[in-house]
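Chains as they are written, first to last, in the numbering used here: chain A, 1 to 327; chain B, 1 to 416.
FYI, nobody ran anything at the bench for these hints, they're computed from the structure.
Where a beta carbon is used, it is the ideal one built from N, C-alpha and C, also for glycine.
Warning: the hint list may mix true and false statements.
Claimed, not checked - With a Cα cut of at most 27 Å, we get these calculated DSSO-like pairs of lysine-lysine: (1) A:K151 with A:K126; (2) A:K191 with B:K219; (3) A:K171 with A:K126; (4) B:K219 with A:K114; (5) A:K151 with B:K327; (6) A:K114 with B:K320; (7) A:K202 with A:K164; (8) A:K95 with A:K114; (9) A:K212 with A:K114; (10) A:K151 with B:K320; (11) A:K126 with B:K224.
Stated by the list, open to error - Over 12 Å on every C-beta distance to chain B, these chain A residues come out as not near it, computed from the model: (12) L75; (13) D100; (14) P112; (15) S117; (16) L124; (17) P157; (18) D161; (19) K171; (20) R210; (21) S219; (22) Q320.
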Amino acid sequence: MKKKMKKNKLLLTLVVGAIFGMIFCAGIIYAQGDYTENYVENDGITRVIDTATKNDTRAISVKITTTLPPEPEQLPIYYVIDVSVDKDKAISIAKKFNFDVGPKIIAYPVQPEKALSPLKTKYLFKNEPYYLEIDTSSNAITYANKDKMMKISDNLPSESDAIKIAQNFLKRYGISINNATIETETIYLNKLDTSTNEILDKQPMMVQVRFKRNVDGMSVVGPGGKIIVAIGDDDEPVYFFKNWRTIESAGAADIIPLSAAIEKLKRLEVKDVPVTPLNSIEVIGIKIGYYEDIPSEEQTNYKPVWVFDVKTPASTETIQLCVDATI
Amino acid sequence: MKKSEKIGLKSLGGEKRKKESLRILIAVLVILVALCSLSSVASAAISLSCTGDPSHSCSSYDSVSSIDSVSTVSQVNPGDTITVIVDWTGWHWGDPNHFAFFMKLTSGGSWEFVDSCSTFKSDSNVGNHYTMDCPITVPSGYSGNYYIRVTANDYGGYCNPGESGVDAEGSTTVIIGDDDLMKEYSVTTLDKYNYTTGFDPAYGANYIYPKTKYWLQDKNSWTKKFYWYNSTVWQTDFGTQTSGYQGLDEADYHIHFGHGGKDPITEEQEICLYEWNWGNEDPNGLKGDVAWDEVYNKWDLDSEWVFIYSCNVLNDSIGKWGAALNKGHMILGFTTHTFTNYQILDTFYSQLIDNDNTMVNSYYVATTSAFGGDVKAAAIADTEDQFYHDHLWDQGEVKQDESPNDNIVWYAEWSC
Numbered sequence: 001m002k003k004k005m006k007k008n009k010l011l012l013t014l015v016v017g018a019i020f021g022m023i024f025c026a027g028i029i030y031a032q033g034d035y036t037e038n039y040v041e042n043d044g045i046t047r048v049i050d051t052a053t054k055n056d057t058r059a060i061s062v063k064i065t066t067t068l069p070p071e072p073e074q075l076p077i078y079y080v081i082d083v084s085v086d087k088d089k090a091i092s093i094a095k096k097f098n099f100d101v102g103p104k105i106i107a108y109p110v111q112p113e114k115a116l117s118p119l120k121t122k123y124l125f126k127n128e129p130y131y132l133e134i135d136t137s138s139n140a141i142t143y144a145n146k147d148k149m150m151k152i153s154d155n156l157p158s159e160s161d162a163i164k165i166a167q168n169f170l171k172r173y174g175i176s177i178n179n180a181t182i183e184t185e186t187i188y189l190n191k192l193d194t195s196t197n198e199i200l201d202k203q204p205m206m207v208q209v210r211f212k213r214n215v216d217g218m219s220v221v222g223p224g225g226k227i228i229v230a231i232g233d234d235d236e237p238v239y240f241f242k243n244w245r246t247i248e249s250a251g252a253a254d255i256i257p258l259s260a261a262i263e264k265l266k267r268l269e270v271k272d273v274p275v276t277p278l279n280s281i282e283v284i285g286i287k288i289g290y291y292e293d294i295p296s297e298e299q300t301n302y303k304p305v306w307v308f309d310v311k312t313p314a315s316t317e318t319i320q321l322c323v324d325a326t327i
Numbered sequence: 001m002k003k004s005e006k007i008g009l010k011s012l013g014g015e016k017r018k019k020e021s022l023r024i025l026i027a028v029l030v031i032l033v034a035l036c037s038l039s040s041v042a043s044a045a046i047s048l049s050c051t052g053d054p055s056h057s058c059s060s061y062d063s064v065s066s067i068d069s070v071s072t073v074s075q076v077n078p079g080d081t082i083t084v085i086v087d088w089t090g091w092h093w094g095d096p097n098h099f100a101f102f103m104k105l106t107s108g109g110s111w112e113f114v115d116s117c118s119t120f121k122s123d124s125n126v127g128n129h130y131t132m133d134c135p136i137t138v139p140s141g142y143s144g145n146y147y148i149r150v151t152a153n154d155y156g157g158y159c160n161p162g163e164s165g166v167d168a169e170g171s172t173t174v175i176i177g178d179d180d181l182m183k184e185y186s187v188t189t190l191d192k193y194n195y196t197t198g199f200d201p202a203y204g205a206n207y208i209y210p211k212t213k214y215w216l217q218d219k220n221s222w223t224k225k226f227y228w229y230n231s232t233v234w235q236t237d238f239g240t241q242t243s244g245y246q247g248l249d250e251a252d253y254h255i256h257f258g259h260g261g262k263d264p265i266t267e268e269q270e271i272c273l274y275e276w277n278w279g280n281e282d283p284n285g286l287k288g289d290v291a292w293d294e295v296y297n298k299w300d301l302d303s304e305w306v307f308i309y310s311c312n313v314l315n316d317s318i319g320k321w322g323a324a325l326n327k328g329h330m331i332l333g334f335t336t337h338t339f340t341n342y343q344i345l346d347t348f349y350s351q352l353i354d355n356d357n358t359m360v361n362s363y364y365v366a367t368t369s370a371f372g373g374d375v376k377a378a379a380i381a382d383t384e385d386q387f388y389h390d391h392l393w394d395q396g397e398v399k400q401d402e403s404p405n406d407n408i409v410w411y412a413e414w415s416c
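Taking the hints into account, I'd like the entire structure generated from these sequences.
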């Protein structure tokens, strides 16, 4: 009797399994049928045309898990006074760095596919293996010794000595900085065995000294507001980068309430968009700072931003997202 | 005498002759073996060094009866030093012999002098067989299929190819430059995703692809291999297959822009494609994700440099992704989050092209000028030489592909 029941159960399982299998196969065939309408041929490979019709909204869910900071009604704003650099000024800067030939003018479109795209310009001075670049939009400077950057160094200074060397370098070229946070980092060349993930050797190459700008006691965020001096072999500054606009007071501006800033954050109206999935974020820190842009941007003023330290499900560390804090 | 006795005597005499014949046969064999071994001793090549830098002076004296073979590696990059192995027959007879190396395109042109050297060994046998390893530095600016020609001369100095007085000549061929002699790039970008936020306005389509095309193709005559975007970006575009379509491994340079991050289920850092869905995408689906194990050891065809402009892909995964570099040279990416930026590519390509800077230096300058200190960038090279010396094609040295693959990579990581 028990044997017979077992047999019946097996039969039932097989029948149910077959029905599910047929439905599954039909589903696959149906899905394939949908796609075939949208296939395109390119380089011999069949692709499906992008037919996304979803509302491409960037709304994200925001969870606040930090205490809310005070909300100022007004904060100082600033004009940027060296918005553009002409050729003569570039030459005078280059002379200080001992470049006496040039410059070569490098111009490139912001959006190459657009016929009326504005051009960006840089002045390039060369004295192999050294070079100096000056961005005309911001007076940002890049100076480097190509042969000694990112090379193993036998005689590298300590990080504390590197700060002194970097400060002397800036002093020598008349670059004064006030209210900066100094960070150091030794950059190594690592030899790694990919089969064991073991680092077999580690050789220092440069000590990077970063001066990060503060304005009115608030940190400057974004790609600008910093100076990097990298010290290589025998204490030589082998790389120097300055994106530090000169500013002067322009009065004060009204600051949007934090709730309005959070709404902007939900719509992902941020200054720089992170390249990671962001369906939901957890805010673990909020402050106000100033934002300084990339060298090729003609930034005319310095304005406060709300700065959110956030955690995302797909990212391992905190990401800083900034939204405009002025109306 | 009985007949039987007669037969017995006859057979005795026959045995004697047989023994004598056997002795003669053995003697002949011994002589033959001795001769063979002597000749093999004579034909064993004697190693010889070729040094110095003789000048041109082609004489009618002869010491090299033949250049028996010339061989070297099949593919080399400009600026590399390669070993050319030359086997020759002849003697020195009291003074040095002089060799010179020339190159010209197999498609035509004239011979161009590359290097010369001299040999000397005290010898008295005219039929010596010599072999020598000659280091030759390939001049920069050479690209294509080339002949390497060796000339030999006895007295005074070296001879040019075909010159009256040259003792002997021999050739081999070498491919200089890229694996397939074409400068090719490919691009993949994602601005839209089915299950997560994208980039609006489009950043990949409006900036990554047009800027790459502008700097490489419009200004520097590179050829586009492919550009795929959004849902047309497939896993196979990342060189996941070992035969048939090889994706990015069919181009020298590839740039990918789009989300990267940790798969919540596998906990591995991966490149997110159109159907990426927080780990719930089909791991074998074409449009879900690209994980390190799908490209493990796979980039062995034409790929040199791959720029992964995505968050976190290299986070705690440098060895895993670095293992993709079988013969590929470098991966440029990020170990933290990163952001959209309207300048990074202009700086990167301008450093490579206008400044003839190395790949690693250019990436360092581009990332440190584009992002704040919260972003960490990394460059992973297959060999130490490539880390220091690789430039974009035609902008300077490019080091040889690693072969055989040694499972070692060289990397640096820095805060921007």
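Here's how the hints hold up against the structure:
About 20 Å separates the Cα atoms of K151 (chain A) and K126 (chain A), which keeps this hinted pair within 27 Å; it holds. Restraint check: the Cα-Cα separation between K191 (chain A) and K219 (chain B) comes to about 36 Å, which exceeds 27 Å; the hinted pair is violated. Our distance criterion of 27 Å between C-alpha atoms is met by K171 (chain A) and K126 (chain A), whose separation comes to about 23 Å. For a cut-off of 27 Å, the pair hint linking K219 (chain B) to K114 (chain A) stands: about 16 Å separates their Cα positions.
Distance check on the hinted pair: K151 (chain A) and K327 (chain B) sit about 23 Å apart at the alpha-carbon level, within 27 Å; holds. For the given pair, K114 (chain A) sits about 39 Å from K320 (chain B) by alpha-carbon distance, which is inconsistent with the 27 Å threshold. In summary, the hint linking K202 (chain A) to K164 (chain A) is supported, as the alpha carbons are separated by about 25 Å, within the 27 Å threshold. The straight-line distance between the Cα atoms of K95 (chain A) and K114 (chain A) is roughly 37 Å, outside the 27 Å bound, and the hint therefore fails.
A hinted pair counts as satisfied when its Cα atoms are at most 27 Å apart, and K212 (chain A) with K114 (chain A) does not qualify at roughly 36 Å. Simply put, K151 (chain A) and K320 (chain B) have alpha-carbon atoms about 24 Å apart, close enough for the 27 Å limit, and the pair holds. About 31 Å separates the Cα atoms of K126 (chain A) and K224 (chain B), which puts this hinted pair outside 27 Å; it is violated. A cut-off of 12 Å between C-beta atoms confirms that L75 (chain A) is not in contact with chain B; the least separation is 21 Å.
Against chain B, the non-interface label of D100 (chain A) holds: every CB pair exceeds 12 Å, the least being about 18 Å. Distance check on P112 (chain A): its Cβ comes as close as 4 Å (rounded) to a Cβ of chain B, failing to clear the 12 Å threshold; non-interface status is violated. Non-interface status of S117 (chain A) relative to chain B is broken: a Cβ of that chain comes within 12 Å, the nearest being about 9 Å off. In this structure L124 (chain A) is not separated from chain B by more than 12 Å, as the shortest Cβ-Cβ distance comes to only about 6 Å.
Distance to chain B confirms P157 (chain A) as a non-interface residue, since its nearest Cβ pair spans about 17 Å, more than 12 Å. Residue placement check: D161 (chain A) keeps its beta carbon more than 12 Å from all beta carbons of chain B (closest about 19 Å). With 12 Å as the threshold on Cβ separation, the claim that K171 (chain A) sits away from chain B holds: the shortest Cβ distance comes to roughly 22 Å. A cut-off of 12 Å between C-beta atoms contradicts the statement that R210 (chain A) is not in contact with chain B; the least separation is 6 Å.
With a minimum CB-CB distance of about 10 Å to chain B, S219 (chain A) fails to clear the 12 Å threshold, and the non-interface call is violated. A beta-carbon of chain B comes within 12 Å of the beta-carbon of Q320 (chain A); the shortest separation is about 6 Å.
Comparing the model with each earlier hint shows violations of hints 2, 6, 8, 9, 11, 14, 15, 16, 20, 21 and 22; every other hint is respected.
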